[in-house]
Amino acid sequence: MTLMTAPRTTPADRPPLGLRERKKIKTRQAIRAATYALIEEQGYDATTIEQIADRAEVSPSTVFRYFPTKEDIVITDEWDPVMLAELRARPETESWSDVLRHVMRTALDLSLAEEPEVIRLRTRLGVEVPAVRARMMESMAATGRLLREALAERFGLDPDGLELRVFAMSVMGGLMEVSHYWAETGHRDDIRELVDRALDVLERGLPTGKP
Numbered sequence: 001m002t003l004m005t006a007p008r009t010t011p012a013d014r015p016p017l018g019l020r021e022r023k024k025i026k027t028r029q030a031i032r033a034a035t036y037a038l039i040e041e042q043g044y045d046a047t048t049i050e051q052i053a054d055r056a057e058v059s060p061s062t063v064f065r066y067f068p069t070k071e072d073i074v075i076t077d078e079w080d081p082v083m084l085a086e087l088r089a090r091p092e093t094e095s096w097s098d099v100l101r102h103v104m105r106t107a108l109d110l111s112l113a114e115e116p117e118v119i120r121l122r123t124r125l126g127v128e129v130p131a132v133r134a135r136m137m138e139s140m141a142a143t144g145r146l147l148r149e150a151l152a153e154r155f156g157l158d159p160d161g162l163e164l165r166v167f168a169m170s171v172m173g174g175l176m177e178v179s180h181y182w183a184e185t186g187h188r189d190d191i192r193e194l195v196d197r198a199l200d201v202l203e204r205g206l207p208t209g210k211p
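Each residue of the sequence shown is one higher than the one before, counting from 1 in the UniProt record's numbering.
Where hints are given, some of them may not hold.
Said to hold, decoys possible - Here are the simulated distance ranges between beta carbons: (1) P159 to G205: 19 to 29 Å; (2) P159 to S97: 14 to 24 Å; (3) P130 to T93: 36 to 46 Å; (4) M137 to P207: 41 to 51 Å; (5) F155 to D200: 18 to 28 Å; (6) E203 to S61: 20 to 30 Å; (7) V166 to T62: 20 to 30 Å; (8) T62 to P116: 20 to 30 Å; (9) R65 to E92: 37 to 47 Å; (10) G186 to S61: 12 to 22 Å; (11) Q42 to A142: 24 to 34 Å.
Hints were generated in silico from the structure; no laboratory data involved.
Beta carbons: idealized from backbone N, C-alpha and C, even for Gly.
Build out the structure end to end from the sequences listed, making use of the hints.
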């Protein structure tokens, strides 16, 4: 199945999750909550998988079953399906810039509404911790590939063409820099406005310098 052909669903349309799925979600949430709390208390490097497991009341092997590394606990790509569903649902006549602005705003609104402090922690760790930054780059590269395929199908382009590869990764690279800038400046700006500024650069080019 391609990224653009699945029907859009709303929460009311989706079948209720079974007990097994609900338990998996609860376990993932407990592991992540334990990790974030420990990092806030004692820092990233001092936090171990054993401590996370103890705080989450699971075994270390359970932690590794859900998250291969500590960095994977911190970095999440759970908003990818949301962004792709929103992209798929936009009107066919809408320009790429309007599509991306809508998709990014929707994902940001959802993530900030649910866990704004966690978003701030993730972006800070992405700046301060090399291992987290490296994992963030891998995650964004994977998201970039999904974006490339989705845009290719939407606009009738070659998903492996150089132009689309450059465009998709320019978007993802810009978003990564937004994340770093937001963290480095103490999260004082509205990240939604920063994303808009980044997309402005892609759409219009660099602003003119002093006359």
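Verification of the supplied hints:
1. P159 to G205: 19 to 29 Å: holds, 25 Å
2. P159 to S97: 14 to 24 Å: About 20 Å separates the Cβ atoms of P159 and S97, which means 14 to 24 Å holds.
3. P130 to T93: 36 to 46 Å: Holds: the Cβ-Cβ distance is about 44 Å, inside 36 to 46 Å.
4. M137 to P207: 41 to 51 Å: Taking Cβ atoms as reference, M137 and P207 lie about 27 Å apart, which means the hint is violated.
5. F155 to D200: 18 to 28 Å: About 20 Å separates the Cβ atoms of F155 and D200, which means 18 to 28 Å holds.
6. E203 to S61: 20 to 30 Å: violated, 48 Å
7. V166 to T62: 20 to 30 Å: Violated - the Cβ-Cβ distance for V166 and T62, about 41 Å, lies outside 20 to 30 Å.
8. T62 to P116: 20 to 30 Å: holds, 28 Å
9. R65 to E92: 37 to 47 Å: holds, 42 Å
10. G186 to S61: 12 to 22 Å: Check failed, 38 Å falls outside 12 to 22 Å.
11. Q42 to A142: 24 to 34 Å: Holds: the Cβ-Cβ distance is about 30 Å, inside 24 to 34 Å.
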